[in-house]
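Asks: Sequence:
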Amino acid sequence: MDRYFQTKAEEQILGYSKKIDFYTSEYTVEILAQKIAGGEYTVPGYQREFTWDEPRKSKFIESLLIGLPIPFVFFWQNDKTGELEIVDGSQRLRTLEEYLNNRLVLCGLERLDVLNGSRFSDLPLSRQRKIQNKSMRGIILSENTDIESRIDLFERINTGSMVANPAEVRRGVLRGPFMDFLVKLGKNEKFSTLAPVTAKKRSVREPEELAARFFAYSDGLDDYKDNVSPFIFYYIKRMNEIFHEKPELEDEYFTRFDRMLDFVSKSFELGFRKSPKAKTTPRTRFEAIAIGSHLALEKNPNLKISKESTAEIISSKAFTDEIRSDGANAIRRLRGRIEFIRDALLFQGE
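Residue numbers (this note's numbering): 1 to 350.
Derived by calculation from the structure, the hints in this document are not laboratory data.
Careful, some of the hints might be misleading.
Claimed, not checked - Cross-link-like lysine-lysine pairs, in silico, DSBU-like; alpha carbons within 35 Å at most:
1. Lys279 <-> Lys307
2. Lys277 <-> Lys190
3. Lys274 <-> Lys307
4. Lys201 <-> Lys277
5. Lys130 <-> Lys187
6. Lys266 <-> Lys237
7. Lys200 <-> Lys237
8. Lys201 <-> Lys184
9. Lys201 <-> Lys304
10. Lys201 <-> Lys187
11. Lys246 <-> Lys304
12. Lys317 <-> Lys225
Full structure from sequences and hints, please.
Replies: Dropping the structure here:
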């Protein structure tokens with residue numbers, strides 16, 4: 001690698017490293033359970049709704065009992081209030097509190113199957129004390145660690161786990177008028193009909209994710225760096241501030257979204273669906289049709305096109321190639337699928 005690459009790489013590493021400031025501390029299981037029970041730790045919104053089921057809780061307690069290493073718990077300290085917010089580890093801590101306070105009945109254990117159906121209080125007193133005195137290490141991030149870094153840490157640690165996705169994280173930490181607007185759009189009946197999602201997808205805020213992408217991408221891709229999550233995060237953060245200063249903008253943004261939905265409803269037989277019986281909406285397909293239609297309408301507000309023409313467009317191999325999933329979030333691919341639909345609509349439309 002050349003000198004320029006090495007210099008830029010070092011600058012990026014140092015720049016990001018400065019965002020993270022932390023120290024470590026040791027806690028006994030008993031103290032952690034007491035603090036959770038006493039409400040001394042706060043659980044952020046993007047983690048609060050996600051709870052382990054009984055077998056998973058029991059597996060964690062089994063790991064504790066047989067002496068397997070327990071992952072670090074990550075906190076963020078609010079220096080103004082002194083409170084610790086749990087960045088990662090809320091499930092472990094809440095499970096410990098539930099078990100030590102006899103609200104968890106163990107089940108589904110294989111190695112310690114004799115403990116199935118038992119509670120903490122059923123153990124010999126000596127074993128109870130040994131569990132209470134086990135230690136767990138905490139990593140405390142200082143207030144100098146910004147919210148982006150905390151969320152990034154949460155997502156990296158939990159990759160592959162059943163935890164909050166970026167849309168859920170944003171809903172928890174980016175409270176504000178624009179976020180409220182996206183939540184309302186996610187429940188819009190016309191939107192739900194044209195862009196169906198499964199119950200599971202809806203529970204993890206997929207409609208809000210689609211709406212956020214529509215506005216973020218249609219407002220401009222100049223700052224997009226092939227990474228969706230931070231781009232959408234900062235877009236919503238900025239729009240919260242703008243909507244707070246100019247609440248009348250909500251009507252303008254709703255009109256833009258509604259105009260696009262009306263056009264898609266009249267012009268695309270299947271809406272954003274891939275087939276008549278499809279119960280979900282592929283993101284790349286939605287982005288192409290929604291934003292491509294919006295941009296075409298910006299060029300020609302009176303645009304009209306038959307459903308036969310759009311069926312021909314979206315059934316073409318060229319369109320299929322544009323919306324394929326590999327490398328879908330690269331800026332070249334994102335612009336490609338959006339501009340493909342925009343140009344095709346303008347070419348064939350009236």
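Asks: If a hint holds in the structure, say so; if it does not, say that too.
Replies: Hint-by-hint comparison with the structure:
At roughly 21 Å between alpha-carbon atoms, Lys279 and Lys307 fall within 35 Å of each other, so this suggested pair holds. With a CA separation close to 17 Å, the supplied pair Lys277 and Lys190 stays within the 35 Å bound. At roughly 14 Å between alpha-carbon atoms, Lys274 and Lys307 fall within 35 Å of each other, so this suggested pair holds. A hinted pair counts as satisfied when its Cα atoms are at most 35 Å apart, and Lys201 with Lys277 qualifies at roughly 17 Å.
With a C-alpha separation of about 50 Å, the suggested pair Lys130 and Lys187 falls outside the 35 Å cut-off, and the hint is violated. Taking the CA atoms of Lys266 and Lys237, the gap is about 33 Å. The hint holds against a cut of 35 Å. Of the supplied pair hints, the one linking Lys200 and Lys237 holds, its CA atoms being roughly 26 Å apart against a limit of 35 Å. The hinted pair formed by Lys201 and Lys184 meets the criterion: a straight-line CA distance of about 16 Å does not exceed 35 Å.
The straight-line distance between the Cα atoms of Lys201 and Lys304 is roughly 32 Å, inside the 35 Å bound, and the hint therefore holds. At roughly 13 Å between alpha-carbon atoms, Lys201 and Lys187 fall within 35 Å of each other, so this suggested pair holds. Proximity of Lys246 to Lys304 is assessed by CA-CA distance (about 33 Å); at most 35 Å being required, the pair is judged to hold. A threshold of 35 Å between alpha carbons decides the hint, and for Lys317 with Lys225 the separation of about 27 Å falls inside it, so the pair holds.
In the structure shown, a violation is registered for the earlier hint numbered 5 alone.
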